[in-house]
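> Top to bottom, those sequences are chains U and V.
If you're matching positions, the first sequence starts at -14 in our numbering and goes up one per residue.
If you're matching positions, the second sequence starts at -14 in our numbering and goes up one per residue.
In case anyone wonders, no lab produced these hints; they're calculated from the structure.
If you're wondering where the values come from, they're calculated on a predicted model, not measured in any experiment.
Hints may contain errors.
Same chains, same label: a pair holds when it works inside one copy or across any pair of copies.
As the list claims (entries may be wrong) - Simulated crosslink set (EDC-like; lysine to aspartate or glutamate; CA at most 20 Å straight-line): (1) Lys437 x Glu416; (2) Lys212 x Asp386; (3) Lys362 x Glu265; (4) Lys(-6) x Glu247; (5) Lys395 x Asp434.
Protein chains: 2
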Amino acid sequence: MAQKPSIPKGTRDFSPEEVAKRNYIFETIKKEFKRFGFQPIETPSFENSSTLMGKYGDEGDRLIFKILNSGDFLRKADKDALTQNDSLKLTPSISEKALRYDLTVPFARYVVQHQNEIEFPFKRYQIQPVWRADRPQKGRFREFFQCDADVVGSNSLWQEVEFVQLYDSVFESLGLEGVTIKINNRKVLSGFAEVIGEKDKLIDFTVALDKLDKIGEEGVKKEMREKGISEEAINKIQPIFSLHGSFSEKIDVLKTILETSENGRKGIEELQFIQNAIEEMPLKIAKLDLDVTLARGLNYYTGAIYEVSAPETVKMGSIGGGGRYDDLTGIFGLKDMSGIGISFGLDRIYLVLEELGLFPETVTQNTKVLFINFGEKEAMYAMKAVEKLRNENIVAELYPDSAKMGKQMKYADKRDIPYVVLAGEEEMSQEKFTLKHMKSGEQSSLDIDTLKEKLKS
Amino acid sequence: MAQKPSIPKGTRDFSPEEVAKRNYIFETIKKEFKRFGFQPIETPSFENSSTLMGKYGDEGDRLIFKILNSGDFLRKADKDALTQNDSLKLTPSISEKALRYDLTVPFARYVVQHQNEIEFPFKRYQIQPVWRADRPQKGRFREFFQCDADVVGSNSLWQEVEFVQLYDSVFESLGLEGVTIKINNRKVLSGFAEVIGEKDKLIDFTVALDKLDKIGEEGVKKEMREKGISEEAINKIQPIFSLHGSFSEKIDVLKTILETSENGRKGIEELQFIQNAIEEMPLKIAKLDLDVTLARGLNYYTGAIYEVSAPETVKMGSIGGGGRYDDLTGIFGLKDMSGIGISFGLDRIYLVLEELGLFPETVTQNTKVLFINFGEKEAMYAMKAVEKLRNENIVAELYPDSAKMGKQMKYADKRDIPYVVLAGEEEMSQEKFTLKHMKSGEQSSLDIDTLKEKLKS
C-alpha cells in the first residue's frame, strides 16, 4: 500500500541547513535592495496563459508549465485538435493558466495593471520562484528562485550607475571578493553591424561574437563566415578580438572602430558616463570591466547589458545579469516605459559561497542548549528554565521524553547542540542547573541567572 | 494587439506596502519558531500526483491543481477515457504532477524520504504557498501561504504545552491582545460517543456539536436527532451544552460525564497535564480555554485539538489551529510516527492587525530622503552624498532625471518620502546640502556629517 516517496525530477527539497543558507543570501540581497530604495512586490505563481504565451519565443512557450483546467475540462476541449491528436493545438482549450516563467513579464503586467497606483519611476524588487519544463541537469532546475531589481519609467543613466553600485554592495555584503561586473551596450553591438555593412546580420554577428570565450577567435570568425558575413567585414572589426587593457583603453579603440556610426557613438557615450561615475565613486569590492562580446538575449536589451562573473578561482560562469530594455510594458499596451534591471543567480551564488567557505557560521546555528528530561517533575523544572532562556532569545529545548540518558545525549550530539543541561533531584533542591559543554565535557553548576549569562555569550 | 492585463481569479498581486506588512507577520512568526527550536524546511511547489491524490478525500482531489504534462501529452493519453469523454479518468494519463495543496502531506513525504538524515524528534517549520481550486470568495483564495510548525517522532505531552506557549509568544510579539487558545481532545469526543452508546456515530455527533457556536443548542440537538442519535443519548450529554466557568470547573463536569469511558478519562488527563503546566508557567498575552465542541477535521487528529480565535472585538473567527495526529507518515510507509502541529492563518492575522492598527509604522517605512536632480554636475554631487548615506543604512535616492522641480517634489510627496535634499551650485560651492522636511517645510543647510546625523535619528 505504502508508496516509496519521491519528488518530480528537477525539483528539490531543502533541508534546514540549506534553507538557512539560502535565506542568508536572500536576506543580504533584500537588505541591499531596500537600502537602494527598491520596494518589494509579489505576483501570483500562475498567470493567465495569454499573459505568458508568446513572450519568450517558441522554445519558451514549450517550456512553460501549463495548469489543467479544473473539473470536466474535456467539455470545452477543441474537438478538432482531439480528432487530429494535436497536443499543441488542444492545450489552450484545456488549460487557461500557466506557472510563471520569469519575473520580468509578470512585472510588466503588474506595472500596466496598476499604473494608476504607481509613482514613476518605480523601483521594485521581487524574489520569487519560477518554473521551467527544461531538461533537468546539473545546476539546472525546473523550480528555482529569481531575485530581480528593476526600475521602470526613466531613461536616466544614473540608474545604470546605480545598478553597478548595487551589484558591488551585494557582493561586498556577502564577502565575495574577485567578482567582475562586465558591461556592454546594445548600441555598440548595433554600431559594429553598421560599420561592417551587415546591419541585417546583427543577430548572427553578435551570437557568434558572444561565443569568443568558448570557441576562440578562429571559431567566432568561422561561424561569422558561415552566416555569410564577408571577410572584409570581419577584417574591419579585427581590433575587437584583441581588446585589452583598462576600460578607457578599450573605449579608445571602440571610438576608432565606431567613428562613423551614430548608434555606436551613442553607446560609447553611455558606457563612458557609467565609467566616469564609477571612477568618481569607486566600487567597494567588485571590478567594472567592458566586454564588447557580451550580448545576453540581445533582442531584449536596447542599452546597457550587464553580466557578473564569479571570482576566477571558481569555475562557475555568470552569477548575475541584466540590462536596459526600452518599451518594457509595450506588450501590455503601455508605451514609452523604459526599464532597466538586474538579477542575481541564487543557486550559483550559493555554490560559490559554499566552495569558498563564505557562509558565516552563525547562519546555520541552531539550538544552543538541550535540557535532558529526567521525568515529569524534573521536566517541569527544566521547562520553566527553558522558558526563561527563550525570553532572553536563547534557543533552548527540553528533550520531550524521559528517554535513556544515552539516547538524549546522542540526540544533542547528532544535532550539533553545543550544550546540555542536566537537572535532577539534587539540582532542583539547590535551585541549580548542571551545564555541560558537549565538546569539552566541561561541567559547571549554575543558578538560572548565571546560566542565562553563560549561554548568552 | 495589446492585451488588457489581469490575473486569474482567486489570486493576488501584492503591493510594496502589502508585502512589507505580510513579511512583518512572517518574520515575527519565524523568529518565534526559531526561538522554540524549530528548523525550516522547504519542499517543491509541485509534487508527483501520486503523493497528493487520495490524501484529502474526493473533494480535496477535485481541488488540487494538476499540471499538464509537457510536450506531446496526447501520445500517452488514455484512449478509452478520450473516447468516453471522461475528464476525471483522462487526467492521470496527461498529468503527472500537481501543485501542493497543504504543507502537511509534503512534510510527511519529506520525513519518510529523508528519514535517515533526520534526528527524531524533528521540529520543523515551513512557510510556503499552497494552491486550491476552490471557488474564490471574500477571504478565500486559490493561492495562499500556510505557516506550519510540527514535531514528529514523540508522544510527549510537553509538546502540547509548548505549542500553547508558541501561540502565546507569537501573538505577544505581534502585540495582539485578547486572543483565546481553545483546546480540546479527540479522546474526549470519543468518550462522549462511547458513554451515550453511539460509538459508531462519533463523526455525526461531533460534526453536529462543532456547530454549537453557529446554530445553538436546539440546532445541534435537531441535527443529532436527524442523524439517528437517540433522545436518551442527547440527554446524557446535556451538561456539555452549558459548560462554563474556568478550565478546571469544566474539567470537573467532564469527569462526571466521562467517568465510565477509558478513552474519555485519558483525554481529560491529557487536558489536565496541559492546563497544569500552563498554570505553572502563565501565558504572556493569550487565554487558554477548554472547548469541548472543537472538532476540526476530526478524522485527522487523534489527541489534542487547537483553535485560536481572534479578539472578540474583531469579527474574524479562527486565526490558527492544529492538533496531534498519530501515524502522520503511515501513508508513506513509516509507521508509529506521532506528529503534532499548529498553523497560523496569515491572511486573517493580517486583517486583524490592520483592523486594530497594530502594524508598527516602521514596517512600511520606505525611502527617507530624495535628492532633487538639478543636472549632471549637481547629480554627481548628490550621488556621492547618497552613497555615503546608504553606507550608514539610510535609505536615500537621487531622482534619476533633472525634471522640473515641481515634478520631483510631487514625486517625493506622493511616495511619502519625509525629506528632500536640494543641492545646487551654491550648496556645491560651500560643500553643503539644503535639507527640507516635507511636512513642516522647515529647511536647514548642513554639511555631509550633520546630514548623516540628522537623517539617522
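> Against each hint, give a clear statement of whether it holds in the structure.
Hints, verified against the model:
In this assembly of identical chains, the alpha carbons of Lys437 and Glu416 lie at most 20 Å apart only when taken from the same copy (14 Å versus 50 Å across copies). Taking identical chains as interchangeable, the C-alpha atoms of Lys212 and Asp386 are never at most 20 Å apart, the minima being 73 Å within one chain and 42 Å between chains. In this assembly of identical chains, the alpha carbons of Lys362 and Glu265 lie at most 20 Å apart only when taken from different copies (12 Å versus 68 Å within one copy). Taking identical chains as interchangeable, the C-alpha atoms of Lys(-6) and Glu247 are never at most 20 Å apart, the minima being 50 Å within one chain and 48 Å between chains.
For the identical chains of this complex, Lys395 and Asp434 are neighbours neither inside a copy (27 Å) nor across copies (55 Å), given an alpha-carbon limit of 20 Å.
In summary, the numbered hints that this structure violates are 2, 4 and 5.
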